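There are 2 protein chains.
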Amino acid sequence: MGEKIIRINMSTLTASTEPVPSEWAALGGRALTSTVVAKEVPPTCDALGKYNKLVFAPGLLTGTSAANSGRLSAGFKSPLTGGIKESNAGGTSAQNLERLGIKAVIIEGMPKDDKWYSVHINKDGATIKEDSEFVGNGTGNYELIKTVSDRLGKKVGILVIGPAGEFKMAAANISNKDPDGNIRSHGRGGGGAVMGSKRVKYISIDDTDGPGVTIADPEKFKTQARLFAKALLDHPVSGQGLPTYGTNVLINILNEAGGLPTKNFRFGTCDHHEKICGETMHDVIVARGGTPSHGCHAGCIIKCSQIYVDSEGKYITSGFEYETVWGLGAASMIQDLDDIAKIDHVMDDIGIDSIEGAVIISVAMEAGILPWGDGKEAYRLMDEEVRKGTPLGRILGNGAGSVGRAYGLTRIPVVKNQAIPAYDPRSVKGIGITYATSTMGADHTAGYTIATNILKVGGFVDPLSKVGQVELSRNLQIATAAVDSCGLCIFVAFPALDIPECFTAIFEMINARYGGNLDANGVVEFGKYVLKTEHEFNLAAGMSSKDDRLPEFFEEEIPPHNAVWDFSDSEIEEFWKF
Amino acid sequence: MGEKIIRINMSTLTASTEPVPSEWAALGGRALTSTVVAKEVPPTCDALGKYNKLVFAPGLLTGTSAANSGRLSAGFKSPLTGGIKESNAGGTSAQNLERLGIKAVIIEGMPKDDKWYSVHINKDGATIKEDSEFVGNGTGNYELIKTVSDRLGKKVGILVIGPAGEFKMAAANISNKDPDGNIRSHGRGGGGAVMGSKRVKYISIDDTDGPGVTIADPEKFKTQARLFAKALLDHPVSGQGLPTYGTNVLINILNEAGGLPTKNFRFGTCDHHEKICGETMHDVIVARGGTPSHGCHAGCIIKCSQIYVDSEGKYITSGFEYETVWGLGAASMIQDLDDIAKIDHVMDDIGIDSIEGAVIISVAMEAGILPWGDGKEAYRLMDEEVRKGTPLGRILGNGAGSVGRAYGLTRIPVVKNQAIPAYDPRSVKGIGITYATSTMGADHTAGYTIATNILKVGGFVDPLSKVGQVELSRNLQIATAAVDSCGLCIFVAFPALDIPECFTAIFEMINARYGGNLDANGVVEFGKYVLKTEHEFNLAAGMSSKDDRLPEFFEEEIPPHNAVWDFSDSEIEEFWKF
Chain A
1 MGEKIIRINM
11 STLTASTEPV
21 PSEWAALGGR
31 ALTSTVVAKE
41 VPPTCDALGK
51 YNKLVFAPGL
61 LTGTSAANSG
71 RLSAGFKSPL
81 TGGIKESNAG
91 GTSAQNLERL
101 GIKAVIIEGM
111 PKDDKWYSVH
121 INKDGATIKE
131 DSEFVGNGTG
141 NYELIKTVSD
151 RLGKKVGILV
161 IGPAGEFKMA
171 AANISNKDPD
181 GNIRSHGRGG
191 GGAVMGSKRV
201 KYISIDDTDG
211 PGVTIADPEK
221 FKTQARLFAK
231 ALLDHPVSGQ
241 GLPTYGTNVL
251 INILNEAGGL
261 PTKNFRFGTC
271 DHHEKICGET
281 MHDVIVARGG
291 TPSHGCHAGC
301 IIKCSQIYVD
311 SEGKYITSGF
321 EYETVWGLGA
331 ASMIQDLDDI
341 AKIDHVMDDI
351 GIDSIEGAVI
361 ISVAMEAGIL
371 PWGDGKEAYR
381 LMDEEVRKGT
391 PLGRILGNGA
401 GSVGRAYGLT
411 RIPVVKNQAI
421 PAYDPRSVKG
431 IGITYATSTM
441 GADHTAGYTI
451 ATNILKVGGF
461 VDPLSKVGQV
471 ELSRNLQIAT
481 AAVDSCGLCI
491 FVAFPALDIP
501 ECFTAIFEMI
511 NARYGGNLDA
521 NGVVEFGKYV
531 LKTEHEFNLA
541 AGMSSKDDRL
551 PEFFEEEIPP
561 HNAVWDFSDS
571 EIEEFWKF
Chain B
1 MGEKIIRINM
11 STLTASTEPV
21 PSEWAALGGR
31 ALTSTVVAKE
41 VPPTCDALGK
51 YNKLVFAPGL
61 LTGTSAANSG
71 RLSAGFKSPL
81 TGGIKESNAG
91 GTSAQNLERL
101 GIKAVIIEGM
111 PKDDKWYSVH
121 INKDGATIKE
131 DSEFVGNGTG
141 NYELIKTVSD
151 RLGKKVGILV
161 IGPAGEFKMA
171 AANISNKDPD
181 GNIRSHGRGG
191 GGAVMGSKRV
201 KYISIDDTDG
211 PGVTIADPEK
221 FKTQARLFAK
231 ALLDHPVSGQ
241 GLPTYGTNVL
251 INILNEAGGL
261 PTKNFRFGTC
271 DHHEKICGET
281 MHDVIVARGG
291 TPSHGCHAGC
301 IIKCSQIYVD
311 SEGKYITSGF
321 EYETVWGLGA
331 ASMIQDLDDI
341 AKIDHVMDDI
351 GIDSIEGAVI
361 ISVAMEAGIL
371 PWGDGKEAYR
381 LMDEEVRKGT
391 PLGRILGNGA
401 GSVGRAYGLT
411 RIPVVKNQAI
421 PAYDPRSVKG
431 IGITYATSTM
441 GADHTAGYTI
451 ATNILKVGGF
461 VDPLSKVGQV
471 ELSRNLQIAT
481 AAVDSCGLCI
491 FVAFPALDIP
501 ECFTAIFEMI
511 NARYGGNLDA
521 NGVVEFGKYV
531 LKTEHEFNLA
541 AGMSSKDDRL
551 PEFFEEEIPP
561 HNAVWDFSDS
571 EIEEFWKF
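If you're matching them up, the sequences are chains A and B in order.
Going by the numbering used here, the first sequence opens with residue 1, and the numbers climb by one from there.
Going by the numbering used here, the second sequence opens with residue 1, and the numbers climb by one from there.
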């Protein structure tokens, strides 16, 4: 197939190109990053030390004409959770890598000196350049991406860490240049800190004259890709809800369901939900001449993203997601959508995961660091304290758990030290099982039971009952592990759960691309393999079933349903019995 | 026996007196605190939440005429390690409790409001008083102890937390008023944070008209106590080395052995060791008219403590131990003994464990927060940043691990998140096994192999060889668990290891006190029971064998022996096979 692995050794400052080992040939995206990490990273190693590795892998369908297939997986041992991590994002890097025939980039080792470097990948391989131009001076990701794009060309993919990654903060993300030169993020789990520990400030990926992608059965691929795209457009969630209002359509839906965690998980509804909801966001964007619907990578047809502008029509942010709006708007009680957008912008600019970052602000309010609802001060904390790495910035930049521990709190919404996102686990119990059991720490995307608990996609499981939640979460986590390995956007799961030909199309496109014979059962086995590989890594890293738990404070009732988290240990432990 | 348990419920603000359950009757000190914690505290609970408990228990021999038997155990789930914790100290509280017939004080629950309280224990039981006089204003422990002693009487025992405990910092200790009105500390593991989480600022213990201590066989007790005391005075370590130079006699001994960790564990010897060693300290104290030898509790005949004074003869600090001098003097490279003494004073005053605190300073230097060797700035950090709870103070006050994580370091000398003390585990390998395996996190006292590896007490095991270290550490940890349960100072282990009648006297005194028939084998079984109870708690709290490991950086060679930490996982795991 001509595909290859690029290995960047930061200890020796050498880059090499290797053939793809046969056991990795059928893997991509999350399946590949998790396999490489499990094989090559000692589970108990220091996540910021020389034995950790940072692996980037496009998905199995990336680079093809399959809709929504342009996502890149980043894998590593997480300095936030202490376990394995895969974080995927849109942008341009995945497709550029795939067009270069690169199945994975593995960054390993650590420089012996204090110098910083950039890595440049093109058709001839990779080169490492000493490069401290953008380091230590607070340069934001927006400026770096613009400057490097101006120099190397608009088409060049860029993976970059901001000041947060330079400081090796556990909430630091890796930014991935999007088709407009804006920012998508490998947000969760502190990949930016790992890249910072290896002193790689940014990676450029130039696909000029790359070999491109070969399809084993082009006709079959075309047919299946068409079925797949049609399903995405036909399904009400991926075809209408998300394109119109973005993910922030969920504010009103979760508020209605009593599952919108408000004021650091005290309430399940938020009085000012109308000020921050997707419908309002849509109207504001349209009135100001922004872009209400926008894709995060070439080939996206859901286009749940948007370009949010100020009252003068000037760009503030994009990839402005429900979870960020929730964390700042409901959890932190900031009522001004413009304030929220500006904080989202600055988090992208300094390289802080905008979910962790939003919960950081909420927990900082809990600690009394700033008043509830103070969006201006929240912005200043990110732009000044975190960007400069002041002591307060260090506390914040290291995650919601860091803030909570520094201030002796007990109301710290984290699992495996990763912030719990925008869905209350007491009033939407399936997602609580996902938070508890995911190998990733609290992560809604790992097994998005909101689909079935709230949106009634793939059937319906009563969100307030314990019945069926473990099985639901397990099935979705298995499916998600497979989807994440294809380079597909997780939102293809909505049509895949409801439209049989959509699910079939996914594995048939893989078969057409590689000439294989994957079937529905094979997809499930593939997903299980990924989860088990990750789970074994976590256990070998020192985790146990005791890490598959929600924080103690979820024993409190949450209005309006006065629901509590009431799963026993043994009920949760059923999850891993597959 | 008339002994009783005092239970203080901070949720209901009620105190009650309970009979001693029969299964606790033969327990005291660490055995009792660990048993109560294991029985009554859910292992996975939030250490700062309402389900944790703080247990104080005098030892089995406390209150008797047995030499060096006046130590008090404090037990709780540690907010620093996440595991069980016992931390014992001298002072006056243990003997006061015993004379009141109180076998243990259990503080549980948590106030529903934000008020602070003091607890007062006397012959009639305990009372809880709303009391915020000393809270929130930076009042130091020295001032509080003086003020409360002036009011309630010089003889009253006081247990108190400083500002660090109020802030629930994980390095916060519990101070225990000593016979002179100075400070002894339940230092390690964050007991101050647990007491702070229950919003108890201090506890007074007035033994006036208490029932006193009854001895079942007074004649036998007297005989055995005499043998015991004689052995303590006869042994060269407890009878000469410690009384003359204090624990700080170890600076030159460890420097000579190449096991004095210098500049955050980079070197095994320290060029300026003569400036900070016990011999110099002794001469300075004598020249200035201080007290070179002093006991931490009534009945101590080793008197390894001292009163360190300034050039005008004014009190600076007492209980000025080798580990603190090491951490500030060698690990942090502070060369001025007066600077070190002042930092020790301020740590006692604000209620920071002086071992964790010294390593905090060292790691802060590693992070670039202050220059290596800057004692004045180290003092300021403690006195201003930690005392006031500034953001930097929060980072520091939460322990060496907190500092290291905040600044993205890999050179963080902690095990189970507790700072590694003053003996390098590469050049004194037995102590490395103790650090790795102790239920307490890195703790030299848990199984003080320095005795046999360096001081040739209880035989000799080559410190640079792996041979015999696991067995040595295991035997000493078992013995220590027993000694800690008797209320005895750990230094009685030196004569007990070398002089058979000394070891015999310990269990015979217990037999004489309670009318039992404990023998040598019973002591060993007792120690094993304590360790296993603690270990089971830790496993149930989510720890695994992976937590029994030293940090990655100990793979580096340490001069002068160029020793590395070279135990395999399975070699370490032999420890628990008993």
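Note that these hints are calculated values from the structure, not bench results.
All figures in this text were calculated on a predicted structure; none of them were measured in a lab.
We put the CB at the ideal spot given by N, CA and C, even for glycine.
One or more hints might be untrue.
[Said to hold, decoys possible] Under the rule of at most 27 Å between Cα atoms (straight-line distance), these lysine-lysine pairs were calculated in the BS3-like manner:
| no. | chain 1 | residue 1 | chain 2 | residue 2 |
| --- | --- | --- | --- | --- |
| 1 | A | Lys388 | B | Lys376 |
| 2 | B | Lys263 | A | Lys115 |
| 3 | B | Lys314 | B | Lys263 |
[Claimed, not checked] Covered stretches of chain B, as calculated for chain A (at least 3 residues, CB under 8 Å):
| no. | stretch |
| --- | --- |
| 4 | 47-55 |
| 5 | 165-172 |
| 6 | 191-204 |
| 7 | 263-273 |
| 8 | 540-549 |
These are the hints, each one checked on the structure:
For the hint pairing lysine 388/A with lysine 376/B, the CA-to-CA distance comes to about 25 Å; that is within 27 Å, so the pair holds. Our distance criterion of 27 Å between C-alpha atoms is met by lysine 263/B and lysine 115/A, whose separation comes to about 23 Å. Note on lysine 314/B and lysine 263/B: the hinted pairing is violated, with a Cα-Cα distance of about 31 Å set against a maximum of 27 Å. Evaluation of the coverage hint for the stretch 47-55 of chain B: fulfilled, as 3 residues show C-beta separations to chain A shorter than 8 Å, against a requirement of three.
With a threshold of 8 Å between beta carbons, the proposed coverage of the stretch 165-172 of chain B by chain A holds, since 4 of its residues qualify and at least three are required. Counting residues of the stretch 191-204 of chain B whose beta-carbon sits less than 8 Å from any beta-carbon of chain A gives 3, enough to reach three: the coverage restraint holds. Given as covered by chain A, the stretch 263-273 of chain B fails the check, having 0 residues with a CB less than 8 Å from a CB of that chain where 3 are the minimum. Counting residues of the stretch 540-549 of chain B whose beta carbon lies closer than 8 Å to any beta carbon of chain A gives 8, which meets the minimum of three for the stated coverage.
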